[in-house]
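Heads up: the sequence shown begins at 25 in the numbering used here, then just goes up one per residue.
It is possible that some hints are incorrect.
What the hints assert, rightly or not - FRET-style restraints, in silico, Cβ to Cβ:
{"hint": "1", "residue 1": "151", "residue 2": "54", "range": "33 to 43 Å"}
{"hint": "2", "residue 1": "93", "residue 2": "191", "range": "35 to 45 Å"}
{"hint": "3", "residue 1": "182", "residue 2": "50", "range": "44 to 54 Å"}
{"hint": "4", "residue 1": "181", "residue 2": "95", "range": "43 to 53 Å"}
{"hint": "5", "residue 1": "90", "residue 2": "44", "range": "23 to 33 Å"}
{"hint": "6", "residue 1": "155", "residue 2": "132", "range": "14 to 24 Å"}
{"hint": "7", "residue 1": "147", "residue 2": "39", "range": "39 to 49 Å"}
{"hint": "8", "residue 1": "63", "residue 2": "156", "range": "51 to 61 Å"}
{"hint": "9", "residue 1": "149", "residue 2": "87", "range": "23 to 33 Å"}
Think of the hints as simulated: they come from the structure by calculation, not from any bench. Note that the Cβ used here is the ideal one computed from N, Cα and C, for glycine as well.
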Amino acid sequence: MGQTIVTGAVVDVSQAPLPGVTVLVQGTNHGTVTDFDGNYSIAVKEGEILEFSYIGFRSKQIKVQESTIIDVVLEEDVQALSEVVVVGFGTQKKVNLSGAVSNVSVEQMATRPINNVTQGLQGISPGLNIDFTSGAPGANPKINIRGFTSINGGDPLVLIDNIPSDVSYLNQI
């Protein structure tokens with residue numbers, strides 16, 4: 025039983041190609057990833073099991089028989105897609121967002137010796153710059169996200185109870 029090259033395509037239930045699917049020989053670290061069109065090619069021995077995995081989809085295992093072409097249809101994993109992110113204009117599934125999402129938990133903030141929320145966010149969220157222009161107690165810092173050259177100049181949209189506000193209106197931690 026020598027090695028043979030197995031090729032194929034990985035698609036979802038609507039027949040759309042899935043790029044970036046991990047194809048591994050089960051129990052080894054030998055694997056590959058599907059290309060932009062969902063195609064893959066891997067050297068395996070007959071009887072080995074190929075494992076296809078992709079974020080948001082159920083993994084699938086297929087035993088290699090005599091065939092050198094194995095096409096795979098992956099089904100969405102409803103539980104994996106149920107992670108919801110609250111954004112300024114409603115709620116969306118995380119997989120549907122086109123921008124970066126950064127989560128900061130209460131536990132992360134609680135472990136820091138801070139006086140206000142903006143001090144707690146400093147250094148936790150990537151791309152968030154906080155500039156304390158004054159050392160006076162209660163002074164509002166300048167908050168900038170993703171730099172001054174972003175679409176709105178980097179000023180964040182802060183919503184408190186779905187009302188545009190200033191972050192300084194939040195209760196002290």
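Status of each hint after checking the structure:
1. 151 to 54: 33 to 43 Å: holds (37 Å)
2. 93 to 191: 35 to 45 Å: Since residue 93 and residue 191 have Cβ atoms about 57 Å apart, the given range 35 to 45 Å is violated.
3. 182 to 50: 44 to 54 Å: Holds, since residue 182 and residue 50 (Cβ atoms, about 48 Å apart) stay within the stated range.
4. 181 to 95: 43 to 53 Å: holds (45 Å)
5. 90 to 44: 23 to 33 Å: Cβ of residue 90 to Cβ of residue 44: about 28 Å, so the range 23 to 33 Å holds.
6. 155 to 132: 14 to 24 Å: holds (21 Å)
7. 147 to 39: 39 to 49 Å: Given a distance of about 46 Å, which is inside 39 to 49 Å, the answer is holds.
8. 63 to 156: 51 to 61 Å: This hint holds: roughly 53 Å between Cβ atoms.
9. 149 to 87: 23 to 33 Å: The hint (23 to 33 Å, Cβ to Cβ) is violated, given that residue 149 and residue 87 are roughly 46 Å apart.
Taken one by one, the earlier hints fail for this structure at numbers 2, 9, listed in ascending order.
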